[in-house]
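Line by line, the protein sequences give chains U and L.
Take the first sequence: its letters are residues 2 to 256, numbered as in the working numbering.
Take the second sequence: its letters are residues 22 to 254, numbered as in the working numbering.
Think of the hints as simulated: they come from the structure by calculation, not from any bench.
Incorrect hints may have been included.
Said to hold, decoys possible - Simulated pairs of lysine-lysine, PhoX-like, Cα-Cα distance not exceeding 20 Å: (1) Lys123(L) with Lys99(U); (2) Lys34(L) with Lys159(L); (3) Lys99(U) with Lys34(L); (4) Lys122(L) with Lys34(L).
These numbers were taken from a predicted model, which means no experiment stands behind them.
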Amino acid sequence: MLETLILVVAISVIVFGVIGYSLSLVRMPEQATRRWGTVMGIAALALLVLGFFLGLVWAPPERIMGDVYRIMYIHFPSWAGTGAGYLIAFLASVFYLKSRNMNYDYVALAAAEIGLLFNVTGLITGAFWGRPTWGVYWTWDPRLTTTAIMAITFGGYLVLRAFMDDPESRARAASLVAIVGFVNVPIVYFSVRWWRTLHQVQSSPQTVDSPIVWALRTMMIAFVLLFVFMLTRRYLLARIRGEEEMEAVRLEVAG
Amino acid sequence: MSDVRRALALIGKDLTTERRSKAAFNAMAFFAAMVLFIFSFALGPDAPGMVTAGQTLLQYLWPGLLWVAIFFTGILALGRSFQVELDSGGLEALRLYPGDKKAIYAGKLVANLILLSAMELLLIPVSAVLYNIDLWDKIPALLGVTLLGSVGFAAVGTFYAALTANLRAREVMLPVLLFPILVPVVVAAVKATTLIVRGDPMAEMWTWLRILGLIDVVLLTVCTLTFEFAIED
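Please put together the full structure from these sequences, using the hints given.
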């Protein structure tokens with residue numbers, strides 16, 4: 002009971018911390034952003050090294066799957082990065098539409114892009130895990146289908162941005178795609194789940210073993226830190242490019 | 022002019038334009054016929070269905086094929102609904118009118134829905150004839166499911182059509198953006214249609230209709246709330 006409570010509190014702190022940090026980037030001066038990025042990068046690297054050691058060397062092989070299960074140490078944490086990315090893209094998009102502050106658009110772009118990166122990583126590692134354990138690379142169960150739809154949705158977000166030149170129109174249109182796309186995710190999950198209830202839904206392996214749980218938790222936190230680090234860097238890049246673009250537009254209008 | 026009257030005026034304008042030129046409807050009719058024929062060529066008209074004896078593959082797959090045809094054909098109408106405004110400068114005028122932009126959304130949505138329904142009223146009997154399916158006693162239920170599915174389709178379709186109206190690559194972007202959002206609508210609509218056509222041994226029909234209705238409500242809500250941003254310049 003106490004352990005569940007501690008877990009819930011810890012997860013809440015991490016979730017709200019990441020969201021708060023990402024949205025605070027909007028008001029951060031460039032030097033501070035760089036510094037935060039470096040700090041996050043070092044922390045991420047440290048925890049990744051620790052996590053890989055724990056997961057690949059220290060944790061014992063699994064009863065049924067042997068050593069194949071170790072891809073889980075990348076597969077599960079990828080979804081933390083995916084969820085964080087798309088959630089922050091959604092929130093930043095809402096804030097953009099309300100405030101029209103371009104920095105929110107840069108956060109949304111960075112978050113969506115990195116979320117997509119983690120999404121694809123999760124899908125590929127999942128396929129590699131599925132082949133030896135389930136016998137198939139892919140199955141249309143609710144979780145896989147939903148994550149594939151998420152990838153297509155936010156891939157579409159990036160494609161839309163590529164086709165639009167005017168920064169403000171692009172930010173506005175992309176924000177709408179992120180908002181509708183994100184709201185769609187639980188709808189897709191539940192409709193596919195009800196659709197497939199007649200079929201056996203694959204269950205995830207039971208990780209009751211303590212070393213495995215701790216290695217997994219380390220990797221989860223490492224991936225969250227990696228996400229934050231990548232978000233900070235990508236946001237900074239987007240902001241620099243965006244400000245240059247706005248400057249070019251202003252010169253064109255004036256000249 | 023009140024919002025409702027503005028919406029009704031927009032519906033009247035779109036339907037009158039369509040009735041005179043019949044451009045969208047003809048394009049949709051030809052495209053739908055082509056899709057139905059291609060399914061027959063691709064799957065083989067006499068290929069036996071795998072589950073029930075005495076049924077061809079086309080008959081077995083008909084619910085899914087119907088909705089694929091509706092979605093691909095419907096995209097033509099949806100893309101066009103804001104295209105006509107853009108070509109004639111009407112989009113600027115719509116943006117400049119005072120009052121809630123939701124009236125524009127409602128008007129375009131209903132006009133698209135009417136156009137889609139007209140297409141579906143043709144598509145369902147024609148496909149039933151081509152694939153030799155007996156639908157007579159199932160028509161009321163089918164019309165209900167088709168309407169529910171079309172409402173969801175038209176809701177997001179109108180929204181994304183407004184969003185992509187200004188783009189160079191709108192013909193590509195509309196399907197790319199639309200289809201992930203349509204997945205729940207497809208799943209629910211095809212499931213409900215299948216239950217109508219093949220019998221409903223576990224009385225699931227009403228559950229699926231409620232699911233489809235709920236999806237429609239959620240999509241309509243989100244799109245209505247954010248439409249004013251979609252139609253901005």
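Each hint, compared with the structure:
In summary, the hint linking Lys123(L) to Lys99(U) is supported, as the alpha carbons are separated by about 18 Å, within the 20 Å threshold. Between the alpha carbons of Lys34(L) and Lys159(L) the distance comes to roughly 34 Å, so the proposed pair goes past 20 Å and is violated. At roughly 33 Å between alpha-carbon atoms, Lys99(U) and Lys34(L) are farther apart than 20 Å, so this suggested pair is violated. A C-alpha spacing of about 17 Å is found between Lys122(L) and Lys34(L), which places the hinted pair at or below 20 Å, so the restraint holds.
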